[in-house]
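Q: This is what each chain is made of:
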Amino acid sequence: MSIHDDLPRHLTAAYPDTPDHLHRLRERLAAAARADGILDIAYRTVDSPVGPLLLAATDIGLVRVAYQREGHDTVLQTLAERISPRILLAPARLDTTVRELEEYFAGTRTAFDLPLDWRLSAGFRASVLHRLPDIGYGHTASYAAVAALAGNPRAVRAVGTACATNPLPVVVPCHRVVRSDGSLGGYLGGVEAKRALLTLEDAA
Amino acid sequence: MTSTQPFETVVEQHGATVLRVCRAVLGPADADDAWSETFLAAMRAYPDLAAGANVEAWLVTIAHRKAIDVVRAAGRRAVPTDRLPDTPAPPAPDGPDPDLAAAVTRLPHRQRQAVAYHYLAGLPHGEVAAILGGSTDAARRAAADGIAALRRTYPPATTRKGDLR
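Protein sequence lines, in the order shown, are assigned to chains A and B.
Going by the working numbering, the residue at position 144 of the first sequence is 144; the numbering climbs one at a time, nothing skipped.
Going by the working numbering, the residue at position 148 of the second sequence is 352; the numbering climbs one at a time, nothing skipped.
Keep in mind the hints are simulated off the structure, nothing from the lab.
Some hints could be false.
If we take Cβ atoms under 10 Å as the criterion, some of the chain A residues that face chain B in the derived model are [said to hold, decoys possible]:
(1) Thr12
(2) Pro19
(3) Leu22
(4) Leu25
(5) Arg109
(6) Gly185
Cβ coordinates follow ideal geometry from the N, Cα and C atoms, glycine included.
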């Protein structure tokens, strides 16, 4: 009956949400965390011709590029579990990555010059991924050829698995690995994304 | 097992509430510093937070300590105490006070904290007691006394300030 019965509710209203103010505080937190060396993973998203990409970097380098179909929240959760939960939306660390991606998608960049943090891949998969930049811009290689490049010509299926679990797609060009018969094969970003990237590289 | 949710999610879910708590306990001028210090300290300790911990209570506990630090750093009280100074706010207007936030800053520190932690952060009185020290009943009483004091100044109450203790 009385407004006083609602006093606790009015109390919350007495401190109204201030999204802009909070946004500035969060930016300040990201900068302070980075300066204190506790920002283990910085991330942001960026729009691209193959959909929004999640970019995440440690202080070593770019550690993850993720397509939307992988589920950005799921990817961040996995990063929290496998590397560290000290993760913030903090675009500054990814400025160079974003610029190089923009140049790549504009057709003016044919190779990435970025520090990479490879810790999400290990063993034979890692050695496969390390060979992929050898496949030049605008070229493709078969799964079998990549298996040979990685030192195990019979591990064709493992090459497929390595590409399907590439933590750094686009930058580490698993999209250039295709079937021996010339068909595209699968792609973790979807076959349309694979086609789009190969088309972009052919046209450049 | 430890916490694994990305810290960004913690900031997203609790940032606004913790800012309200800081504003209520410290007033607007020092709230930003307390908020920043709270989340920076929380992020530092976050990998060791137990899975299933009450994250809001954990954050409010840190905010409680940081609020004390901020007040100390501001040099307003050189007294070595774990308590906040009482009534740093301007005097109440003569009559009903529509500015509830200002009225909160005029509450005695323990009532102010109990009101903020229970009514703004939504912590049960037991959790508030764990933060403030003392019994659950004492925390409940402090929150009730604080609300009662606010009712005396918040419209449409007509009680004048002179009637407040």
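Q: Hint by hint, say whether it matches the structure.
A: Quick rundown of the hints versus the structure:
Checking Thr12(A) against chain B by beta carbon gives a least distance of about 6 Å; that is within 10 Å, so the hint holds. Annotation: interface hint on Pro19(A) holds; nearest CB of chain B at approximately 8 Å, less than 10 Å. For the restraint placing Leu22(A) at the interface with chain B, the shortest Cβ-Cβ distance is roughly 6 Å, inside the 10 Å limit, so the hint holds. Interface restraint check for Leu25(A): the shortest CB-CB distance to chain B comes to about 6 Å, inside 10 Å, so the restraint holds.
Of the supplied interface hints, the one on Arg109(A) is violated, with its beta-carbon coming no nearer than about 29 Å to a beta-carbon of chain B, more than 10 Å. With 10 Å as the threshold, the beta carbon of Gly185(A) stays out of range of chain B, its nearest partner Cβ sitting at about 32 Å, so the hint is violated.
The structure fails to meet hints 5 and 6 from the earlier list, while all remaining hints are met.
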